[in-house]
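Chemist: Let's have the full structure, built from the sequences with the hints guiding it.
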Amino acid sequence: MLEIRGLSACIGDKEILKGIDLTVPQGEIHAIMGPNGSGKSTLGYVLSGREDYTVTGGTVTFNGANLLEMEPEARAIAGVFLAFQAPIELPGVNNANFLRTALNAVRRARGEAELDAVQFLKLARAETKRLHMRDDMLKRNVNVGFSGGEKKRNEVLQMALLRPKLAILDETDSGLDIDALKIVADGVNALRSAEFSALVITHHQRLLDHLVPHRVHVLSQGRIIRSGGPELAKELEQSGYASLIAEAA
Amino acid sequence: MTFLERYETLLGKLPGDSALRAAASDAFRSAGLPGATRGRPSEAWKYTSLRSLAETRFRSGEPKHEAETILARLPLLDVPRLVFVDGEFSDRLSVHIANDGDGTAKSAEAPLSSPGSLKIARFADQPDFGTLTWPDREPMVALNTMLAEDGVSLHIPANHDCGTIQLISVATTDADLHPRHTIRLDAGAKLTLIEMSAGEGVYFLNTVAEIHVADGAHLTHIRLQDESLTAFHISTTYAEVAATATYDSFTLNIGARLCRTEVHATLAGEHATAHLNAVQLLMGAQHADFTSVVGHLAPHGTSRQTVKNVLSGRSRGVFQGRIEVARAAQKTDGYQMNQALLLSPDAEIDSKPELEIFADDVKCSHGATVGELDAEQIFYLRSRGVPDAEARSILVRAFLSEALDAVTDEAVRGSLERAVESWWQRNKA
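Chains Y and V, in that order, give the protein sequences.
One point on numbering: in this note's numbering, the residue at position 160 of the first sequence is 159, and numbering is uninterrupted.
To convert a position in the second sequence, counted from 1, into this note's numbering, add 247.
None of these hints come from the bench; they were simulated from the model.
All C-beta atoms, glycine included, are put in the ideal place defined by N, C-alpha and C.
Watch out, some of these pointers could steer you wrong.
Stated by the list, open to error - These stretches of chain V come out as covered by chain Y in the derived footprint (C-beta under 8 Å, 3 or more residues):
1. 256-268
2. 627-634
As the list claims (entries may be wrong) - The calculated label-pair distances, taken between Cβ atoms and stated as ranges, are:
3. V:Gln672 x Y:Ala108: 19 to 29 Å
4. V:Leu340 x Y:Ala64: 36 to 46 Å
5. Y:Ala193 x V:Ala636: 33 to 43 Å
6. Y:His209 x V:Gly560: 44 to 54 Å
7. Y:Ile87 x V:Trp381: 44 to 54 Å
8. V:Thr303 x Y:Ile87: 45 to 55 Å
Modeler: Right, here's the structure in full:
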């Protein structure tokens, strides 16, 4: 379970998160919506430990552990996964090697046996097939020359392999056509279980039609201004953020 | 004893052309060690001073270290090897070339000849001694020419594919060593030559190689320099590349306190090709200098250079690359790229590309970049559970992969990758 209390964070001298309170119980999917610049991506980065953000207040506990004290790799091992809004290109790093290194690092730390190249490829091929990814995407350099949709699917592939307990999807739907959107949503739905939670950051209701959340939270200017059930996303689709923001102010 | 004093004591006892040696000693006497003499500074040695070398006294003595132990640390391949211990050919440690079931002669005194397909000889028998070198321009070549005592002479006959040969230098004592090699490939011949050097102690290896690649011949020349971190390593290579021939070289410098690899490649015939690729991995207070001069003398020549430096600690890397295109060398295609990755704020790279073009229809370009590891890339890897040190290692290797990919023989590339790995482990410690 993820529990965020009064979380504030800044980058440089700019305060972006101004006291976030949010609880995501095990097994639930929560959506975070909100206008550009409201701090949605920052929340994802802070939860996964990016160093250029400074936490200025508040606490984050994840399954009882103080998440903010952990190195990014320790968070990954504990089960936190961030699907990047703009996945990073790694020229000179083969995608299959990257995926196997990551998977084995996590397996090793969790006390599980590492996979050899053959075992890994079998597993990876099964997942790429499910995500309708071309086989050669394993042979190419990580995200180099990938289309926007291929990059997003590559993030979902990493998530499927690493089997996180908490997935943070940062606008994984942006730039995807409706078919790709379904594939991504199916990828997340396949992980659904009593031990899996997700924070789905999105602009649009569209993704939430395929990935139905338990709760929807609206973030504005670094604060959650409203929370509700799935119907809140539909309401926002109709009326926009402006009235909500005015109401909160 | 200074180098010149030693030369005086050896007068008349050294093999080869004594007039050549006398001229070289005059040249060395007037030039001195770059950076260690007063007078006008040398442009070719602008970023590398040999003052520390000048202040070190070397003496030959009893071996202090086991040659076998040093040899065993190298990423050797299971192919013939010619081993020199403290500058002298070691028959015992060498693994000879078997040709058609007829092995080479193995006496250290007699020429190591193999009739028919390949000739290997000792330095004294070299007919090519000094035909390509410029002792009057290069003081370290003058020093080598003055004091060279041993070395190998490889002669690959026309249209013969000689496979891979390792040429290894092992230093076991605090001496100054001046090996002198001649490699000659006749028309259409093929060879992969892997030079490796390693040792223990405070020694000075000053190698000169003269290389002739005749029409249509192909020489792949790999160098792995993994000297003791208290040693000095200077290597000067002259390669003359004839029509449609290829000189494909790759240098990996990871050892030595001070290192300079200098390559002069002359594309003398039409459609000749030269690749002068290099990687330097440095840490601590190491200094390594890769200096190249590519001379395009004939039309349709191609030269390619990718030189990458990874620098940690207070280390300093130097790249000097000069492309000269003569008036006759129309349709020359020259490319040069120098990139440095600085792993520490105290590391330094000096890069000096030079183009000198006298022909009007040529394509020549060069570029240089300097940077640090990308923080976003590191975070991306760490966010997938990869520990910080491993993430950095992956990214350094990714940086090097473009340069290492130029080594197409998988066994050879594997050997170099093992050397890179050992450098990385040492750097972490």
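Chemist: Evaluate each hint against the coordinates.
Modeler: Going through the hints against the structure:
1. 256-268: It is violated: at least three residues are needed, and the segment 256-268 of chain V offers just 0 whose Cβ sits closer than 8 Å to chain Y.
2. 627-634: holds (count 8)
3. V:Gln672 x Y:Ala108: 19 to 29 Å: With Cβ atoms ~21 Å apart, the hint holds.
4. V:Leu340 x Y:Ala64: 36 to 46 Å: Once the Cβ atoms are compared, 57 Å apart, the range 36 to 46 Å for alanine 64 (chain Y) and leucine 340 (chain V) is violated.
5. Y:Ala193 x V:Ala636: 33 to 43 Å: Because 36 Å falls inside the window, the suggested range holds.
6. Y:His209 x V:Gly560: 44 to 54 Å: holds (53 Å)
7. Y:Ile87 x V:Trp381: 44 to 54 Å: At roughly 49 Å between Cβ atoms, tryptophan 381 (chain V) and isoleucine 87 (chain Y) fall inside 44 to 54 Å, so the hint holds.
8. V:Thr303 x Y:Ile87: 45 to 55 Å: holds (47 Å)
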